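Those protein sequences? They're chains W and R, same order as listed.
For what it's worth, our numbering labels the leading residue of the first sequence as 1, then goes sequentially.
For what it's worth, our numbering labels the leading residue of the second sequence as 1, then goes sequentially.
These are computed hints drawn from the structure, not numbers from a lab.
Predicted model, so just to flag it, every value in this text is computed and none were measured.
Virtual Cβ for every residue (Gly too), placed ideally from N, Cα, C.
Treat the hints with care, since some could be wrong.
[To be verified] Straight-line distance between alpha carbons at most 30 Å, and here's what the computed DSSO-like set of lysine-lysine pairs gives:
#1 R:K56 - W:K44
#2 R:K41 - W:K62
#3 R:K41 - R:K56
#4 W:K44 - R:K3
[Stated by the list, open to error] Derived list of chain W stretches under chain R, where covered just means 3 residues or more per stretch with a C-beta under 8 Å from a C-beta of chain R:
#5 32-43
#6 56-64
#7 108-115
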Amino acid sequence: NAGVMQNPRHLVRRRGQEARLRCSPMKGHSHVYWYRQLPEEGLKFMVYLQKENIIDESGMPKERFSAEFPKEGPSILRIQQVVRGDSAAYFCASSPLVAGGPTTDTQYFGPGTRLTVL
Amino acid sequence: ELKVEQNPLFLSMQEEKNYTIYCNYSTTSDRLYWYRQDPGKSLESLFVLLSNGAVKQEGRLMASLDTKARLSTLHITAAVHDLSATYFCAVTPSNSGYALNFGKGTSLLVTP
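Modelling step: build the complete structure from the supplied sequences, incorporating the hints.
Here you go:
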């Protein structure tokens with residue numbers, strides 16, 4: 001069973017360009033979570049999605065950031081008009097049921113996309 | 001806001017020595033996680049601790065949870081070089097079981 005897949009692994013963008021980060025959850029997982037890791041920091045929750053639904057986007061910046069998880073295909077984190085402060089590692093995680101529920105479902109993390117904004 | 005603090009942030013230790021990493025959190029939480037991250041890699045789940053007094057062990061690592069003190073410890077016994085990595089603790093708030101709040105991580109280097 002392949003793990004959580006993310007691509008690209010490394011992405012370089014100039015200020016003002018758009019960044020699209022993709023995440024394919026583990027097979028059988030319908031819950032996806034995005035986190036951002038700034039240098040020397042722990043991961044920060046951004047958004048939680050199920051297929052075709054955004055459940056919780058309380059950690060997403062209000063502007064320029066959006067996320068989707070369509071019925072078919074990977075989850076996408078989109079950053080418009082990137083700025084240098086967006087440089088970070090972006091991790092996607094998935095779980096078969098909602099994490100933190102009655103079971104001990106853990107979130108399984110992908111390898112991350114390291115975004116560098118020049 | 002739920003805050004998670006780890007200490008130490010950097011730890012250099014010799015092989016065969018024992019040491020403990022501490023994780024404090026600021027508000028009530030249902031569960032606490034420990035993850036390991038190797039440089040440039042993803043996070044690997046080590047332990048999930050669900051209740052006060054919970055203790056879990058895997059190899060040379062043992063994690064415990066004291067919910068009254070809002071404290072978890074990750075104890076390393078007889079360290080070996082393969083344990084060199086960054087260790088994160090993460091906590092979910094009681095009203096949101098999925099939004100992991102991570103500490104800054106403890107970078108562990110085990111030297112001969």
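(request) With a C-beta cutoff of 8 Å, work out whether three or more residues of the stretch 108-115 of chain W approach chain R closely enough for the coverage to hold. (result) With 5 residues closer than 8 Å to chain R, the stretch 108-115 of chain W meets the three-residue bar; holds.
(message) Check the hint pairing K41 of chain R with K62 of chain W against an upper bound of 30 Å on the C-alpha distance.
(response) At roughly 29 Å apart (the allowed maximum being 30 Å), K62 of chain W and K41 of chain R satisfy the hint.
(request) Decide if the proposed pair is consistent with the structure: K41 of chain R and K56 of chain R, CA atoms, cutoff 30 Å inclusive. (result) 24 Å, holds
(message) Holds or violated: K44 of chain W and K3 of chain R, Cα atoms, limit 30 Å.
(response) Status holds; Cα separation ~11 Å.
(message) Tell me whether the statement that chain R covers the stretch 56-64 of chain W is true, taking a Cβ distance below 8 Å and needing three residues at minimum.
(response) holds (count 3)
(message) Check the hint pairing K56 of chain R with K44 of chain W against an upper bound of 30 Å on the C-alpha distance.
(response) 25 Å, holds
(request) Can you take a look at whether the stretch 32-43 of chain W is actually covered by chain R? Rule is 3+ residues, C-beta closer than 8 Å. (result) holds (count 6)
Every hint from the earlier list agrees with this structure, and none is contradicted.
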